[in-house]
Amino acid sequence: MADQIKNKTGFLATLQENPSTDEFIKGLWRDNPVFVQVLGMCPVLAVTNSAVNALAMGGATFFVLMASSLLVSMVRKWVPKAVRISTFIVIIATFVTVADMLLAAWVPDVHKELGAFISLIVVNCLILGRQEAFASRNPIKPALMDAAGMGLGFTFALFLLGASREVLGNGTFFGIDLFGPQFEPWVVMILPPGGFLMLGMILLFFNWMQAKKQARRAAAEGVA
Amino acid sequence: MLRAMVGIGILCALMIVLTFQGTLPIIKEKKAEALEKAIFKVLPGIEKTEIFQLGESNNFAPVNGEGEEGRVVYAGYDENGRFVGVAVEASGQGYADILRILYGYDPEKQAVVGFYVLESKETPGLGDKIEKDAGFLSNFEALDVTLKEDQSGLRNAVVPVKSGTKEQPWEVDCITGATISSRAIGNIIGASTERWVPLLHKNKGTFAKQEGEN
Numbered sequence: 055m056a057d058q059i060k061n062k063t064g065f066l067a068t069l070q071e072n073p074s075t076d077e078f079i080k081g082l083w084r085d086n087p088v089f090v091q092v093l094g095m096c097p098v099l100a101v102t103n104s105a106v107n108a109l110a111m112g113g114a115t116f117f118v119l120m121a122s123s124l125l126v127s128m129v130r131k132w133v134p135k136a137v138r139i140s141t142f143i144v145i146i147a148t149f150v151t152v153a154d155m156l157l158a159a160w161v162p163d164v165h166k167e168l169g170a171f172i173s174l175i176v177v178n179c180l181i182l183g184r185q186e187a188f189a190s191r192n193p194i195k196p197a198l199m200d201a202a203g204m205g206l207g208f209t210f211a212l213f214l215l216g217a218s219r220e221v222l223g224n225g226t227f228f229g230i231d232l233f234g235p236q237f238e239p240w241v242v243m244i245l246p247p248g249g250f251l252m253l254g255m256i257l258l259f260f261n262w263m264q265a266k267k268q269a270r271r272a273a274a275e276g277v278a
Numbered sequence: 060m061l062r063a064m065v066g067i068g069i070l071c072a073l074m075i076v077l078t079f080q081g082t083l084p085i086i087k088e089k090k091a092e093a094l095e096k097a098i099f100k101v102l103p104g105i106e107k108t109e110i111f112q113l114g115e116s117n118n119f120a121p122v123n124g125e126g127e128e129g130r131v132v133y134a135g136y137d138e139n140g141r142f143v144g145v146a147v148e149a150s151g152q153g154y155a156d157i158l159r160i161l162y163g164y165d166p167e168k169q170a171v172v173g174f175y176v177l178e179s180k181e182t183p184g185l186g187d188k189i190e191k192d193a194g195f196l197s198n199f200e201a202l203d204v205t206l207k208e209d210q211s212g213l214r215n216a217v218v219p220v221k222s223g224t225k226e227q228p229w230e231v232d233c234i235t236g237a238t239i240s241s242r243a244i245g246n247i248i249g250a251s252t253e254r255w256v257p258l259l260h261k262n263k264g265t266f267a268k269q270e271g272e273n
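Protein chains in written order, with this note's numbering: chain A, 55 to 278; chain B, 60 to 273.
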């Protein structure tokens, strides 16, 4: 048991030796924007009533985060401190507009379903937060790794929430009927309160896992 | 400072313009497809549609292709080729942005028989109830737009009324919690029917004749 843990930490340690991989992993898991930092709750709760919507929202956020981080990191030396926030917002708003038009062209049904939430990516604090805290202080490569990790972590969280809510609340997965006509869907799960319930349960699970891990680590240290 | 900000501004503007130009034809095409689907929703029981354009002398003539925006209507025919009604596009200011809607007019019943939101950016959970609220949508199953005796205008204009106070068949019962959006829909339909219904009713022969020729 103790060996296993040592191996695992050993694997994590090698990952952490490579700084850009670490930037990637931290957003995906350790500092997951939804489950750990609890950021961007508005889209997380509002559009995760189906797996497709969750993926589209996650994809759009991922794109905006990647593109803005790239640009912010590229221009970080020329942007004066005094106007940095407004510059970030202009850049983010640009990519949100681009994402909005692309979604309208490629998947008009999803675009209609997501409605105003696409434009609201502009004010997602996750994106502005990454620009201010990371991309504006780091070179392009780590900035992109950070954005990719955070973006995928956000998408993963949205998808987990969207898929579980769709299965429970509608009895379908990506629109495919899972349980047949006998299934009585738990309708509240696809309604707004269901978002809170499901998010609460997932956060509970993550915290429980975290606590268990810490307890195990403490036990292992005690043995050693 | 100025150079950095102007530079970023120009770069961002360029990106938006390029994407806009690139996606415009695709968006247009998809919108036309969505419109086609919506026509079938607002005119129950139709099998085929035909585009008509309003001419200078208030006559309608069939057009090929798109026609001029704001002057076209869509006639619907059932499986036997019988003329059912006309779908009309209308738009107006909503709470967040311009609302684009489509409604179906049945000249026989002299009523609006269907309604569909083509484009809306109304507040999710509040204003967007205009698309989903069953009670609100039932307003448009048979909304009275009967003409005056001399056919010069509507006998009663369509008006939005406060939620739960609808008494007449030409009133639109609004939604509590989506007052501005639902009121906007009532007003848009009111203004649009005022203009279109007399014209459509006068020309219903044109629409009906069209299917005979096909």
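A hint or two may mislead.
Unchecked claim - The list that follows gives simulated cross-link-like pairs (lysine to any residue, SDA-like), each with its CA atoms no further than 20 Å apart: (1) K166/A <-> D187/B; (2) K166/A <-> E186/A; (3) K166/A <-> M60/B.
Stated by the list, open to error - Chain A stretches covered by chain B per the calculated footprint, using a threshold of three residues with CB under 8 Å from any CB of chain B: (4) 127 to 135; (5) 139 to 145; (6) 184 to 197; (7) 253 to 265.
These aren't lab readings, by the way, just hints derived from the structure by calculation.
Where a beta carbon is used, it is the ideal one built from N, C-alpha and C, also for glycine.
Results of checking the hints against the structure:
no.	hint	in the structure
1	K166/A <-> D187/B	11 Å, holds
2	K166/A <-> E186/A	31 Å, violated
3	K166/A <-> M60/B	39 Å, violated
4	127 to 135	holds (count 4)
5	139 to 145	holds (count 3)
6	184 to 197	violated (count 0)
7	253 to 265	violated (count 0)
In the structure shown, a violation is registered for the earlier hints numbered 2, 3, 6 and 7, in ascending order.
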